[in-house]
Amino acid sequence: MSKMFKKFEFFLFLVIVALIVFFAFSTENFFTWENLLDLLISYSFLGIMAAGMLVVLISGGIDLSFTAIATVAQYIMAITIIDYSGNLFSAFLVAGIIGIVLGGTNAFLIYYLKAPAMIITIATLNLFYGVTIFITRGKWIYNFPDWFNQSHNVFSFTAADGTYYGIPLPVILLVLVFILTYIILNYTMLGRKIFAMGGNIEAARRAGFNILGLTIFVYSYIGFLSGIGSVGQVLILHSVQPNAIVGRELEVIAATVLGGASLAGGAGSVLGTAMGVALLAIVWNGLIIMGVSSYWHKLIIGLIIICSVGINAYNRKRKA
Amino acid sequence: MIGSGRTELAFSLFGMNPPNYGQILLEGKQVHFKSNESAIEAGIGYVPEDRIEQGLIMEQTIKNNTTVTIFEKLLNHLKMIDQKKQQSTVQHWINTLSIRTSSIENPVKTLSGGNQQKIVLSKWLATNPKILILDSPTVGVDIAAKNSLYQIMRELSQRNIGIILISDEVPEILYNCHYILLMRKGRIVETFQPEEVTEKELNDKIIGDGQDE
Numbered sequence: 050m051s052k053m054f055k056k057f058e059f060f061l062f063l064v065i066v067a068l069i070v071f072f073a074f075s076t077e078n079f080f081t082w083e084n085l086l087d088l089l090i091s092y093s094f095l096g097i098m099a100a101g102m103l104v105v106l107i108s109g110g111i112d113l114s115f116t117a118i119a120t121v122a123q124y125i126m127a128i129t130i131i132d133y134s135g136n137l138f139s140a141f142l143v144a145g146i147i148g149i150v151l152g153g154t155n156a157f158l159i160y161y162l163k164a165p166a167m168i169i170t171i172a173t174l175n176l177f178y179g180v181t182i183f184i185t186r187g188k189w190i191y192n193f194p195d196w197f198n199q200s201h202n203v204f205s206f207t208a209a210d211g212t213y214y215g216i217p218l219p220v221i222l223l224v225l226v227f228i229l230t231y232i233i234l235n236y237t238m239l240g241r242k243i244f245a246m247g248g249n250i251e252a253a254r255r256a257g258f259n260i261l262g263l264t265i266f267v268y269s270y271i272g273f274l275s276g277i278g279s280v281g282q283v284l285i286l287h288s289v290q291p292n293a294i295v296g297r298e299l300e301v302i303a304a305t306v307l308g309g310a311s312l313a314g315g316a317g318s319v320l321g322t323a324m325g326v327a328l329l330a331i332v333w334n335g336l337i338i339m340g341v342s343s344y345w346h347k348l349i350i351g352l353i354i355i356c357s358v359g360i361n362a363y364n365r366k367r368k369a
Numbered sequence: 445m446i447g448s449g450r451t452e453l454a455f456s457l458f459g460m461n462p463p464n465y466g467q468i469l470l471e472g473k474q475v476h477f478k479s480n481e482s483a484i485e486a487g488i489g490y491v492p493e494d495r496i497e498q499g500l501i502m503e504q505t506i507k508n509n510t511t512v513t514i515f516e517k518l519l520n521h522l523k524m525i526d527q528k529k530q531q532s533t534v535q536h537w538i539n540t541l542s543i544r545t546s547s548i549e550n551p552v553k554t555l556s557g558g559n560q561q562k563i564v565l566s567k568w569l570a571t572n573p574k575i576l577i578l579d580s581p582t583v584g585v586d587i588a589a590k591n592s593l594y595q596i597m598r599e600l601s602q603r604n605i606g607i608i609l610i611s612d613e614v615p616e617i618l619y620n621c622h623y624i625l626l627m628r629k630g631r632i633v634e635t636f637q638p639e640e641v642t643e644k645e646l647n648d649k650i651i652g653d654g655q656d657e
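Going down the list, the protein sequences come from chains U and S.
Taking my numbering, I'd label the letters of the first sequence as residues 50 to 369.
Taking my numbering, I'd label the letters of the second sequence as residues 445 to 657.
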């Protein structure tokens, strides 16, 4: 199986390279340092959520509520740091805990109601989001303390020639999240059990796995990542908006599936997911720079996903 | 026979079906299993009736399938899976049960029925069980592989592993068991030793099952 994925990942890699070459020659502004960095920053949040989605899909589940979890986490985080002050660490801590609690709620509902995860998380998407909008009345939040707005970059310094350098915090976060997810999935018992559970839940149950515990971990993990990722998002936008994240669930799932994760569970890789996100980001950005009407964007993304799933299914069938 | 309650009984022994009454004795001591996790810990293994649906992760590697019950024992001091230990454990079982495959990285679905069953067997043997429950282990397995499974069962019982064989194949029961328990409607209705019955008598008793009522 790993051979097949390596092959699929190599194919994805070639497509990405081809797209970069295509956009680099057909537009002036695509292959510039500023554009690529902008791309990385603006898609870092999507990448972080995709890492969480990867773990959920591998376990054989699905989560559609994580964008609502991210929104709840953003509002509560914003209110705590504006009303009670705090620091960057406490902002991440609050958002992370909110994510874990709401993700854990999903896990309990899915496990005890024995209903499909998709139905439960569509319900909690509406529940979490609805309650948030009701309480906040959909109000935008801008008035962040200065220390918060200024913590966009880390390791920042001004070089001798006066040029300012810095690594954006959301990008660091993205890299850390990918490394953490990679280690969990490939080197820990937890990760191996998540793969096994997604491959055949009945076999996993009979091997003595704690299915409830694994379910709680998986949904809390995507909740946690959505929570901390959403703080990174606020650091970029300097505002909390009620409709900035909800509605992007399918984009995240698309990127993950594009990267080779199976909706049936038991298969997927961090490298594939990273490339799925990259591919989606490059196509979207390239089309905008080329001036292609936005009506075409979704159509083209849809076609790419169909091709990718088709090639993956074909590979799988041939190996069988 | 199907419907006799034999799988339910096996489930109770394996901690997956709390018994209504009665007690379970393991090595003369009474045990209570809250879940199959605690049954496995106490030394009980259960090779299920349907290896594809309940035993194996068909798409995943032989390596992962064989070690799925013993991940805990493969951890290094960093609490990570020790890859070398995992490989040597799997190789050990491949050799011991003479499982035919070109690589332990191949998905289990590439194996024949008999070799698949040996993978299920090895993942339970890896837990070092005291009691091994085999639920219809030779269904869908060819003759040669059947004989090699019987051979393995004999070797295991010589190593003092208790084997509970659930089956409705008369010769299989007659030539591999020390005691035969006949179940009907959730109860053990008859107990005898293989020397006391012939194939035909045993067959009649089993078939007699359905004609009683």
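Honestly, the hints are just simulated from the structure, not real lab data.
This structure is a prediction, so every number in the text was calculated from the model and none was measured.
Don't be surprised by glycine CBs; every beta carbon is placed ideally from N, CA and C.
Where hints are given, some of them may not hold.
[Said to hold, decoys possible] Here are the computed lysine to aspartate or glutamate pairs in the EDC-like style, where the Cα-Cα straight-line distance is at most 20 Å:
| id | chain 1 | residue 1 | chain 2 | residue 2 |
| --- | --- | --- | --- | --- |
| 1 | S | K553 | U | D87 |
| 2 | S | K478 | U | E251 |
| 3 | U | K163 | S | E549 |
| 4 | U | K56 | S | E497 |
[Said to hold, decoys possible] Here are the in silico distance ranges between beta carbons for each label pair:
| id | chain 1 | residue 1 | chain 2 | residue 2 | range |
| --- | --- | --- | --- | --- | --- |
| 5 | U | G262 | S | T545 | 29 to 37 Å |
| 6 | S | M524 | U | C356 | 32 to 40 Å |
| 7 | S | L625 | U | L261 | 33 to 41 Å |
| 8 | S | N572 | U | L261 | 35 to 43 Å |
| 9 | U | K56 | S | S532 | 25 to 33 Å |
| 10 | U | L63 | S | N539 | 49 to 57 Å |
| 11 | U | V358 | S | R544 | 45 to 53 Å |
| 12 | S | S532 | U | E83 | 47 to 55 Å |
| 13 | S | K528 | U | K163 | 51 to 59 Å |
| 14 | S | K528 | U | Y363 | 33 to 41 Å |
| 15 | U | I184 | S | E481 | 39 to 47 Å |
| 16 | U | S134 | S | E481 | 41 to 49 Å |
| 17 | U | Y363 | S | N550 | 57 to 65 Å |
| 18 | S | M524 | U | Y363 | 28 to 36 Å |
Inset, instruction - With respect to the beta-carbon atoms only, verify the hint that M524 (chain S) and C356 (chain U) lie 32 to 40 Å apart. - result: Cβ of M524 (chain S) to Cβ of C356 (chain U): about 37 Å, so the range 32 to 40 Å holds.
Inset, instruction - Please test the hint of 33 to 41 Å on the beta carbon pair from L625 (chain S) and L261 (chain U). - result: 35 Å, holds
Inset, instruction - Evaluate the given range 45 to 53 Å for the C-beta pair formed by V358 (chain U) and R544 (chain S). - result: 34 Å, violated
Legend entry - Range hint 33 to 41 Å (beta carbons of K528 (chain S) and Y363 (chain U)) holds or violated: The hint (33 to 41 Å, Cβ to Cβ) holds, given that K528 (chain S) and Y363 (chain U) are roughly 35 Å apart.
Inset, instruction - Determine whether the Cβ-Cβ distance between L63 (chain U) and N539 (chain S) falls within the hinted range of 49 to 57 Å. - result: Cβ of L63 (chain U) to Cβ of N539 (chain S): about 40 Å, so the range 49 to 57 Å is violated.
Legend entry - Distance restraint evaluation - M524 (chain S), Y363 (chain U), Cβ atoms, bounds 28 to 36 Å: 35 Å, holds
Legend entry - Given hint E251 (chain U) paired with K478 (chain S) - CA-CA distance at most 20 Å: Judged against 20 Å, a Cα distance of about 18 Å means the pair holds.
Inset, instruction - With 35 to 43 Å as the target window, see if N572 (chain S) and L261 (chain U) comply at their CB atoms. - result: 26 Å, violated
Inset, instruction - Return holds or violated for the Cβ distance of G262 (chain U) and T545 (chain S) against the range 29 to 37 Å. - result: Holds: the Cβ-Cβ distance is about 32 Å, inside 29 to 37 Å.
Inset, instruction - Return holds or violated for the Cβ distance of K528 (chain S) and K163 (chain U) against the range 51 to 59 Å. - result: 40 Å, violated
Inset, instruction - Given the hint of 57 to 65 Å, check if Y363 (chain U) and N550 (chain S) actually sit that far apart at their C-beta atoms. - result: Violated - the Cβ-Cβ distance for Y363 (chain U) and N550 (chain S), about 20 Å, lies outside 57 to 65 Å.
Inset, instruction - Measure nothing beyond the straight line between the CA atoms of K553 (chain S) and D87 (chain U); if it is 20 Å or shorter, mark the hint as holding. - result: 45 Å, violated
In this structure, the hints that do not hold are numbers 1, 3, 4, 8, 10, 11, 13, 17, in rising order.
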